[in-house]
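Here is how the chains run, residue by residue.
2 protein chains.
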Amino acid sequence: MDKKDAVREKIITHALHLINTKGIGQTTIQNIMESASLPKGAIYRRFENKELIVLAAFERAGYIIWEHMVQAVAQAPSTIEKLLAISAIYQDAVHNPPIPGGCPMLNTAIESDGTFPELQKLAAEGYTNTVKFVQSLIEEGMEKKELRPDVRAYSLASFLVSSMEGAIMASRLTASNEHVHFNMDYTRALLQSFAYSDPN
Amino acid sequence: MDKKDAVREKIITHALHLINTKGIGQTTIQNIMESASLPKGAIYRRFENKELIVLAAFERAGYIIWEHMVQAVAQAPSTIEKLLAISAIYQDAVHNPPIPGGCPMLNTAIESDGTFPELQKLAAEGYTNTVKFVQSLIEEGMEKKELRPDVRAYSLASFLVSSMEGAIMASRLTASNEHVHFNMDYTRALLQSFAYSDPN
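Each protein sequence line maps, in turn, to chains A and W. Per our numbering, the first sequence starts with residue 4, numbered consecutively. Per our numbering, the second sequence starts with residue 4, numbered consecutively.
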């Protein structure tokens, strides 16, 4: 395609919002039609069924979160600050997450488990890619001698990403950002314990 | 009631299994009837609607997980081992979690968010009670001089519980227990850094 299909983009935007706030099971094509103010035909000409809309919405979510991560990292002056900046993307998980409804990877992971294998596969790839991105930052920090050479980059990356996801769940569940902030505090302490030489 | 209603118990058992593996949205009263081999009347005489079954199933899940935690803690010889034993409840999150389908609190937290306030409230209470239980173990460890006196018991408890939940999500999503094991490794290192005096 030469130019973007604006209607397709609009369908995906509204579908993502609905799916991430209400869940896949609670979102119907009728809901998407109403939210986007589009006739049924406009949707069915572009997507054969709801599953295809859901997959496209998840892909869109991936781009949005990726943008947030790249920006967070670009502005941070050191490896440890880069890693903390990623955690900080969800510092207001309750009221202002990057996408309304919380983390789409977390929500999708839970909702697709055992029910939607193709989507679960996409979400698993999203998790693995996030871990690999964080791993590459850690390895860069080790090369730059900001982090100790005995750090295990892959397992640390997995721990940072999964613990952040758990904290987002806890904060959204209890409507209190304190859990995300506790996660940031312990993550900072953990990373500082891995610093090559304390800058203080 | 003097004696337990065995049919009610059976309905809850089958409902919990279905809900925790397929999700609330994908579980119908028809599914529960078929799974439990019970006629519709047997269910409706005990539960007015699906929501009440879901709430009862979540309560049952809470008892089951609670039992696992109490047992894990009872067998462990020290505070740090008690805390690690709680993490180990989900060491085979992929193939053999305490309840098929993963952690019911995590699953419920995500699925009830924005759609089922009464259930979300129950799940939030479940999270808070788990954190308080872990906090009480930490405080006991501080009193016994197994943990350092400057440990912040509440925030550490929250971090331990939320990071464990995130690791369960990651392991179930990717069908690999490595993420849960990484969580246990970093948790052990963190707790050892808080040990009052190293026993080695």
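Keep in mind the hints are simulated off the structure, nothing from the lab. From a predicted model like this one, the values you see are computed outputs, not experimental measurements. We put the beta carbon where it would ideally sit given N, CA and C, even for glycine. Any given hint could turn out to be false.
[Said to hold, decoys possible] Straight-line Cα separation of at most 30 Å, DSBU-like style, residue types lysine-lysine; simulated pairs:
| no. | chain 1 | residue 1 | chain 2 | residue 2 |
| --- | --- | --- | --- | --- |
| 1 | A | Lys25 | W | Lys124 |
| 2 | W | Lys124 | W | Lys53 |
| 3 | A | Lys25 | W | Lys53 |
| 4 | A | Lys25 | W | Lys147 |
| 5 | W | Lys135 | W | Lys147 |
[To be verified] Some chain A residues judged to face chain W by a derived CB distance under 7 Å, without partners named:
| no. | residue |
| --- | --- |
| 6 | Lys25 |
| 7 | Asn110 |
| 8 | Arg175 |
[Said to hold, decoys possible] Derived coverage of chain W by chain A (criterion: at least 3 residues anywhere in the stretch with Cβ under 8 Å from a Cβ of chain A; other residues may be distant):
| no. | segment |
| --- | --- |
| 9 | 29 to 41 |
| 10 | 68 to 74 |
| 11 | 86 to 94 |
| 12 | 143 to 150 |
| 13 | 179 to 185 |
We went through each hint and held it up to the structure:
no.: 1; hint: A:Lys25 to W:Lys124; result: 16 Å, holds
no.: 2; hint: W:Lys124 to W:Lys53; result: 17 Å, holds
no.: 3; hint: A:Lys25 to W:Lys53; result: 18 Å, holds
no.: 4; hint: A:Lys25 to W:Lys147; result: 46 Å, violated
no.: 5; hint: W:Lys135 to W:Lys147; result: 18 Å, holds
no.: 6; hint: Lys25; result: 6 Å, holds
no.: 7; hint: Asn110; result: 6 Å, holds
no.: 8; hint: Arg175; result: 6 Å, holds
no.: 9; hint: 29 to 41; result: violated (count 1)
no.: 10; hint: 68 to 74; result: violated (count 0)
no.: 11; hint: 86 to 94; result: violated (count 0)
no.: 12; hint: 143 to 150; result: violated (count 0)
no.: 13; hint: 179 to 185; result: holds (count 3)
When each numbered hint is compared with the structure, violations occur for hints 4, 9, 10, 11, 12.
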